Structure formats: structure tokens, C-alpha cells
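Number of protein chains: 2
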Amino acid sequence: MLRRRNEGSRTMSIDLTEETITAEVQKTFDGAADERTREIFVSLVQHLHDFAREVRLTSEEWFTAVDFLERVGRISSPTRQEFVLLSDILGVSVLVDQINHDGGAGSATDSTLLGPFYVDGRPRVENGSDISGGVPGMPLFFTGRVVDSTGLPVSGADVDTWHSDGEGFYDVQQADKLHGELAMRALLHTDLDGWFSFRSIVPRYYPVPTDGPCGEIIRAAGRSPMRPEHLHFRFRAAGCEPLVTMLFRGDDPYLEQDAVFGAKRSLVADFADHEAGETAPDGTPMTEPFQTVEWTFTLASARR
Amino acid sequence: MLRRRNEGSRTMSIDLTEETITAEVQKTFDGAADERTREIFVSLVQHLHDFAREVRLTSEEWFTAVDFLERVGRISSPTRQEFVLLSDILGVSVLVDQINHDGGAGSATDSTLLGPFYVDGRPRVENGSDISGGVPGMPLFFTGRVVDSTGLPVSGADVDTWHSDGEGFYDVQQADKLHGELAMRALLHTDLDGWFSFRSIVPRYYPVPTDGPCGEIIRAAGRSPMRPEHLHFRFRAAGCEPLVTMLFRGDDPYLEQDAVFGAKRSLVADFADHEAGETAPDGTPMTEPFQTVEWTFTLASARR
Numbered sequence: 001m002l003r004r005r006n007e008g009s010r011t012m013s014i015d016l017t018e019e020t021i022t023a024e025v026q027k028t029f030d031g032a033a034d035e036r037t038r039e040i041f042v043s044l045v046q047h048l049h050d051f052a053r054e055v056r057l058t059s060e061e062w063f064t065a066v067d068f069l070e071r072v073g074r075i076s077s078p079t080r081q082e083f084v085l086l087s088d089i090l091g092v093s094v095l096v097d098q099i100n101h102d103g104g105a106g107s108a109t110d111s112t113l114l115g116p117f118y119v120d121g122r123p124r125v126e127n128g129s130d131i132s133g134g135v136p137g138m139p140l141f142f143t144g145r146v147v148d149s150t151g152l153p154v155s156g157a158d159v160d161t162w163h164s165d166g167e168g169f170y171d172v173q174q175a176d177k178l179h180g181e182l183a184m185r186a187l188l189h190t191d192l193d194g195w196f197s198f199r200s201i202v203p204r205y206y207p208v209p210t211d212g213p214c215g216e217i218i219r220a221a222g223r224s225p226m227r228p229e230h231l232h233f234r235f236r237a238a239g240c241e242p243l244v245t246m247l248f249r250g251d252d253p254y255l256e257q258d259a260v261f262g263a264k265r266s267l268v269a270d271f272a273d274h275e276a277g278e279t280a281p282d283g284t285p286m287t288e289p290f291q292t293v294e295w296t297f298t299l300a301s302a303r304r
Numbered sequence: 001m002l003r004r005r006n007e008g009s010r011t012m013s014i015d016l017t018e019e020t021i022t023a024e025v026q027k028t029f030d031g032a033a034d035e036r037t038r039e040i041f042v043s044l045v046q047h048l049h050d051f052a053r054e055v056r057l058t059s060e061e062w063f064t065a066v067d068f069l070e071r072v073g074r075i076s077s078p079t080r081q082e083f084v085l086l087s088d089i090l091g092v093s094v095l096v097d098q099i100n101h102d103g104g105a106g107s108a109t110d111s112t113l114l115g116p117f118y119v120d121g122r123p124r125v126e127n128g129s130d131i132s133g134g135v136p137g138m139p140l141f142f143t144g145r146v147v148d149s150t151g152l153p154v155s156g157a158d159v160d161t162w163h164s165d166g167e168g169f170y171d172v173q174q175a176d177k178l179h180g181e182l183a184m185r186a187l188l189h190t191d192l193d194g195w196f197s198f199r200s201i202v203p204r205y206y207p208v209p210t211d212g213p214c215g216e217i218i219r220a221a222g223r224s225p226m227r228p229e230h231l232h233f234r235f236r237a238a239g240c241e242p243l244v245t246m247l248f249r250g251d252d253p254y255l256e257q258d259a260v261f262g263a264k265r266s267l268v269a270d271f272a273d274h275e276a277g278e279t280a281p282d283g284t285p286m287t288e289p290f291q292t293v294e295w296t297f298t299l300a301s302a303r304r
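Sequence lines, in order, name chains V and X.
If you use our numbering, the first sequence corresponds to residues 1 to 304, in order.
If you use our numbering, the second sequence corresponds to residues 1 to 304, in order.
Quick caveat, the hints were computed from the structure, so don't treat them as lab data.
Note that the coordinates shown come from a computational prediction; the quantities given were computed from them, not determined experimentally.
Among the hints, a few may not be true.
Pairwise CB distance ranges, derived in the manner of DEER restraints [unchecked claim]:
hint : chain 1 : residue 1 : chain 2 : residue 2 : range
1    : X       : P281      : V       : E35       : 50 to 58 Å
2    : V       : T79       : X       : D130      : 49 to 57 Å
3    : V       : P285      : X       : D67       : 45 to 53 Å
4    : X       : T20       : V       : E35       : 28 to 36 Å
5    : X       : T296      : V       : T17       : 22 to 30 Å
6    : X       : T20       : V       : S155      : 36 to 44 Å
7    : X       : R124      : V       : E216      : 31 to 39 Å
No residue lacks a Cβ here, since even glycine has one placed at the ideal position from N, Cα and C.
Produce the entire structure from the sequences given, and follow the hints as far as they go.
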């Protein structure tokens, strides 16, 4: 005969109905060793079930959803973060950012999305370096300063920056063309007075990738896939809260249609135009048009 | 200078807050060509956002969730449906089944989960065939009848059946051992009086796969991964609603702890024990113990 092992005494109702199943599933998390895990899954189950009941989800729609998630999984890779994009286009990423950076005292620079293009293995460079990696484009000179909530300079801060080229593509999207080299990204450090600077090229607005499953949602919704032009920054400094943010330009046609909901008026900077013949901030006499941007980033004091 | 294209006039508020972002994301589905698509995404966004606000989801937890989904994607394959399993262990699969099969007139056999082990390419066999594929185990003789809601026999119905072996493993989980051959599954057809029958082996209760990301949830929750012993069936017949169901045994130690919430009292069958020396339903004199199961399945009339 078959051996039967009677493990555990916790039982549940069977013959569950559309109404009773939610509480029964939630009860199966009562034994979680971590209370936060229990709290998250009880809420997740409630809202997933409420969603399915509210729209009367059909079996065909459920199959479509499972197939969609499988396809998101298949296209995903370290340089193609389609689950991040899914979270981005549903506004979840920005919402989580807002939940965790609720403005506080209001003096700190606003945060926004990390996005899918941050790369850990970026080169560390000295202030003033050209980080364009030789990618052609209109020269951009960036001068930044990092201060704390009292306005004092933050020296030795880690400053990550990354951005697209003049066609709207990041280095990792053009591995073939760039022979796998990283470009338009770097890790810098603020000097004793909190300053940092680099030369690169002017980025451009661009569509989020629409050749994968998330593109289907964008097309089905009749939405614009465009993100306004921006520069990414990530700051880490002793005694301060980390900051992930972007700078946008005020005259961008997509500023108020950001496909991932990340644009903020408080992060609109002046991308100043300069003519050929003018002198760059680093003293270089320029023979072509270029742009300059200056910005002061204020970091919140570390909590606790 | 950079060319700027001003496409579309729909704009949204920027400077979104934790409270205003949900409606702004929902508005981006206003242009959906299909109203059902709009309805589903508006509700999905509402519940995803409500969940994140309710638990005050941290950035670290969001990263954990993205990483979890990426890992579910990586382990998934045509024979390892981890997204289906995720839906199953969160009770979503059974809920969707309940939403779409709410009992109706009550005369039809209850439906339950399809599960992750159905395989399209199963062999078609004659009634009475041995479908065990030579896998060793206690012989099982199944005799079924399919009737419509008025009790009249349904002839020529497609009958799919599939089940585990005596250790709780399906053929697709043992591709090495079975050299990729399918076993313990078949497509049969009912005869003129609605009968179908097959010989196989007695299945066993088993754990859902816990070596992937879903196993982490089961362990974190301190839940049992076990499913009670069952036989799967899927019926399709002209003039009738399709039916996906399972049969369970009443004395199963896991009947009231089903890890995927699919067990129903109405689907408990009698797995009758027989001694060596008795005669099988197909007339075979048996030299070893065996079991027999009989069941009548009632299909609902096709809607419209």
C-alpha cells in the first residue's frame, strides 16, 4: 500500500467560493517567520483577488496574462530589464519612489526613477573628464555641486551619471556599434568644495523599448512611448541619504508625456546654448556649438 | 540643432504625488482602442498602487520583487510553468476558475484548476487502453461516463486525462528516466452511450515544485507544498461547455491542505481497493492488488 504521512495539523476549508478563498489564502501566510513577509503577502493577495473579481477576469485573459509574463521573462537580460519597464509604464516605480521619498523637510533635491540603464561596472574618472567615449554629438559641459541640507558642501561624494546619445540610445543598447565599451557614463567624486564636472554629449528624448511585451501595452493603450531628454544622477555620501534623480529641459516636447511618469518640474534645468567661437567652462575655445548645464544637488541628512 | 517633433497633444500633470499618480497613469489608457483593455488596466493600476501604498513598499522590497519575477522568468519553460505555479499558490488560478464557473444551475460537475502539467501533444488512444506507458505502480482501472445537463449521454466527447506516478511525479518531470516519452496521459473519446475507460497506475499526493522562486514563498510562509492525490480530466463536446476538473480521494491527508486551493468535496471519488485474485473491470484476472474508480461527469449546456 501507499505510505501516507500526516504532516502538520493546519487545515483549511475546501469547497472555497469566490468570496471565501481570499481569507483562506491569506491564512496560509499566518505561519510566516517574518511579520513583514506576512503583511506584504496578505495585502498582495487581497488586491490581486479584488482586481480579478472587479474585472471578472476570464480564463482566456488569465492565459494571456501568464503568457505575457513568460514573454517578459524570456526577453529579460542584464541589459534588457523588461520587468523594470513594466513597473515603470504602470507607474509603480515612480509611486514606490514617492512612498519612500515623500519630500520630507522639502530642502533636498527631488528624487526620481533609477531606470533600466544604470550599470555597475562604469568607469571611475577625474572631474573635468570627457566621458562621451568618443560617441559623436553636440558637446555638453556639466558643472554640479553637492550640498547638505544646511547648504554646506559635501566633499568626496560618489557621483554617478549616465545618459543617452544624441539619437536617444544608451551605450548598452548599442553594444555592437561600441564593441561592448561603456560610454556616456561615469563615477565621479566631489572635490573639497562639493563641486564635480564632466564633458560629454547632449542626450535626446527617446522611446522606451517597444519591441518587447511592454510595447504591446503601450500600443494597446494608444500611449506615447517617449521619455523627455534627461541626464541621470546617483549620489552617495557619508552622513547623507542617497539620492537618485534626473535633470530635464523645460522646452522638451515630451516633458508632460513622460511614458514612465518620472518628470518633475523641480528637476527642470537650463540647457544653455552656446555658439561656435565661445569658450567652454573648462577653458577650451570651442569651434562648434555646445551646451552647458549647472545644477546644485541638495542631499537630505541620513536618517538615524 | 536637435530636431523636435511635437506628436500628440495629450499631456499629463508632472509633479505627481503619491495620491495623484494613480489617476494620471489610468488616464494614459483612455486612448485604448479596446474598452476591455482599458477597463482591465485601470483596475490593475488601481490595485497595484493601492497595494504599494497600503504596505508602504520600500525600494529594497521593490528590487526584491523585480528580481523574483526575473528569476521566475529564467526558470520557466514549456514543461516548467512557474508563473502558473505563482498564480496557483496565491489562489489566483482557483479564483479565476470560480469567477468563470460560478456553479450555474448546479447540475454540472464542478470545475477546478488545469494545473501546469497538461501537455498538448498527448497520445490519442482507444477506450480500455493501458495509458501507464509502462511506468510501474499499482494498477488503476478508471470507468467514466459523460452526460449533459439533462442526464443524456454525450457521445464523441474529447476526454483528456493525466496524472502522476506512484511517487507523485508527472512524465514531464522525469524526461530523463522516460527518455522524453509521455506517459500516464491520453486523449480518449466517449462511446455512443457516453462511456470511456482506461487502465493506468494509481497516482500519489506530491509537493508542488519547490526548487524555484515559488518555493521561497512557500518556505517563507511556513506553508505545506503538498497537493492531495488526484486525476486530471478535461472534456470538450459539441453543444456543451468545456470542463476542466480533477478527482480526489476522501482519505487523503492533504485534502484540506491543498497548496493550490483546488480540492473540492464534490470531486471526492471512491478509489476502491481490490485484492490479488479479483477480476478487473475489463475482465483481466489480476494477480496483484489494484484500484478502481467510477465517475459520471455532467457537462453544462453550451452558453448561447
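Hints versus structure:
no.	hint	result
1	P281/X x E35/V: 50 to 58 Å	holds (54 Å)
2	T79/V x D130/X: 49 to 57 Å	holds (51 Å)
3	P285/V x D67/X: 45 to 53 Å	holds (49 Å)
4	T20/X x E35/V: 28 to 36 Å	holds (31 Å)
5	T296/X x T17/V: 22 to 30 Å	holds (24 Å)
6	T20/X x S155/V: 36 to 44 Å	holds (37 Å)
7	R124/X x E216/V: 31 to 39 Å	holds (35 Å)
When each numbered hint is compared with the structure, no violation occurs for any of them.
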